[in-house]
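K.L.:
If you want the building blocks of each chain, they are given just below.
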Amino acid sequence: MASSIFAALTGDTDESRSDDESQRRSEPSARTDGGTVTDGASDTTTAAVGDDATALGRLRRSRFLESLPFWGPPALLVFFFVYGAIAWNFVISLTGWEGLGSPDYSSLSTEMYAQLLSDPSFAAAFQNTLVLLVAFTVLSLILGLLVAILVDQKIRIENTFRTIYLLPMSLSFVVTAIFWSWMYNPSNGLINEALRGIGLDALTQAWLADPQFKLAAIIFALMWQFSGYCMVVYLAGLRAIPESQYEAARIDGASTIKLYWRVIIPQLRASTMSAAVVLVVFALKAFDFLFVLFGVNPGQSADILSVMMYRVAFDRIQWAYGSAVAMVLFAMTLGVIGPYLYVQYRRGEL
Amino acid sequence: MSAADRLQTTIAGLDRTRIALYAVLLAMVAFYLAPLESGFMTAFKTPDGFRTTTPFALPPLGEFTLSAWGTAFDRLSNGLLNSALMAVPATVLSALFGSLAAYGLTNLSWRGQIGVLVLFVAGVFIPYQAVLVPLTQFWSFVDLGGRIPLAIVADNEGLINLSITHVAYGIPICTVLFRSYYATIDDEMLEAARLDGASAATIYRRIILPLSIPIFAVTLIYQFTQIWNDLLFAIVLVSNPSNQVVTVALNQLQGSFVQQFNLQMAGAFVAALPTLVVYVLFGEQFAKGVAGD
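As you go down the protein sequences, you meet chains A and H in turn.
Just so you know, we're using this note's numbering here: the first sequence kicks off at 8 and counts up by one.
Just so you know, we're using this note's numbering here: the second sequence kicks off at -2 and counts up by one.
Some hints could be false.
[As the list claims (entries may be wrong)] With the C-beta cut set under 10 Å, the calculated list includes, among others, these residues of chain H facing chain A: (1) V26; (2) D71; (3) L129; (4) I210.
Hints listed in this document are in silico derivations from the structure and should not be mistaken for laboratory results.
This one's a predicted model, so the numbers in the text were calculated from it and none came from an experiment.
All C-beta atoms in this analysis are idealised placements derived from N, C-alpha and C, irrespective of residue type, glycine included.
Given the sequences, and given the hints that come with them, work out the whole structure.
P.N.:
Structure (structure tokens):
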């Protein structure tokens, strides 16, 4: 009895426990056929198991009640403000509310979503959101990994390098947008000045005004801000790989490139996962960055769903339509995060 | 051997790949610092000076001026105060709630905790746009501004709403950060305390909290940065201009002086100063924290 409670406390899996119990329960019934001698013994077993099960049930109940004051209040806030709000947002998107008076809840329809599908500006924003999400995430991961491999080469003042690379992450999008609007300034900005400085005058552009470069310029600036984060995550991942693996590959005569491509990078999967998820979260917040640079109208070449949502809901005051755009953005997030959460859950890493 | 010869042999003695390695690392330092450097230099120039000097160099002595810094500070000081009033309590509360939730969901295991935990973790990834309209509606009905007296600013309409909103949206990430830390705490130690008759609350106060100091540091730094840096909730939830937080004020400064880059850059540094200071003081700890060392 004592041992089973201990197992429950230390988080022994529920599956194995209940299997154990059902096995022990079935035992006495099989034995009763055998004779009277074992009867007494089986009775005590049954009684013990009965005690055990109720004790466990009591324990679970008491654990629930005991833990409730700790997670209950935060959960209440999260369920109300996050999940309640999303559910409410969905209801609003079904009302067709135009912002005057209060929404009419008597006739709900999916009209807003139908309208979205035939809206060319939605299609553009959707595509740009995907491009930004994928390009920003992949490029930041690649740059972060390359820098992490360099920093991992037993260099001096490693901490200084690491701190400098991570520094942009501490800045707000508002601040970085202002810095990059200056970097990209067509006449005096550092990027065009540098291009002129090395004789590449032909390559100078009005980076943030030209539809051809706008989105790429945004992605590049975001990469500047967050690739340092990938570097730190990868560096920790690299440090977790035992030295013997490098040596074994060297003895086998593998080249450095092969060593990383075949041996090291595959083992960094967990680092890639966790860094990618964080990048996706920041990519979804890129609204701040675009809003500072372009206001609510970044133009079709750089419009993304988060900006479109704000423009529709808060600039044009079409609440229901804006809510529908927000639901699409939410669904997109779920599409990325859902599989991640599932994998984490299956691996027991939640 | 002359000094030049000696230098040459020293360089020759260094591994060439090491030199290349440091060169690339320094180039990366330049890449990450260039926008800051260029902005910093520009902030010391006159409104016309940035047109005539190179963007990464200080202006000639005669044109060096601090006027942009003065103007930027004047324009942003109220926003800085509002941001501090909003962000400091929100940071502390969200970290505390996250710590409590992580304890309740990790160290006090009960059936169904994983389901609650999944909802907390998923909450980290919610795009704010998905809740913006309901939040606007909710806070227009329930304005706590006039009801909770705040000594420093008499009229705090919107600021408290914003602060509470940040607490709610900060709890998920704080819970995740604390949870990964609490999962490593030895259960047997907590069991021993329990056998000695300690209640869950006592265990939290006497064992968990003292052990949490490093993770509290990381969480507070991260949360402070996130809340201080937010723009979206702030523009939607605070309508009164005198209650604007610093990111909103900075955005307006940028919008109203489109071609005054010196003023914009000085403003960016003034607004970023608190998080930069926090980062410079605790950057290494933060780097360790985000990497999960």
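K.L.:
Could you run down the list of hints and mark each one as holding or not?
P.N.:
Evaluated hints:
1. Proximity of H:V26 to chain A holds as hinted, the smallest CB-CB distance being about 5 Å (cut-off 10 Å).
2. Taken as an interface hint, H:D71 does not check out: its beta carbon lies about 18 Å from the nearest beta carbon of chain A, beyond 10 Å.
3. Residue-level restraint check for H:L129 holds (minimum Cβ-Cβ distance to chain A is 7 Å; threshold 10 Å).
4. Proximity of H:I210 to chain A is violated relative to the hint, the smallest CB-CB distance being about 19 Å (cut-off 10 Å).
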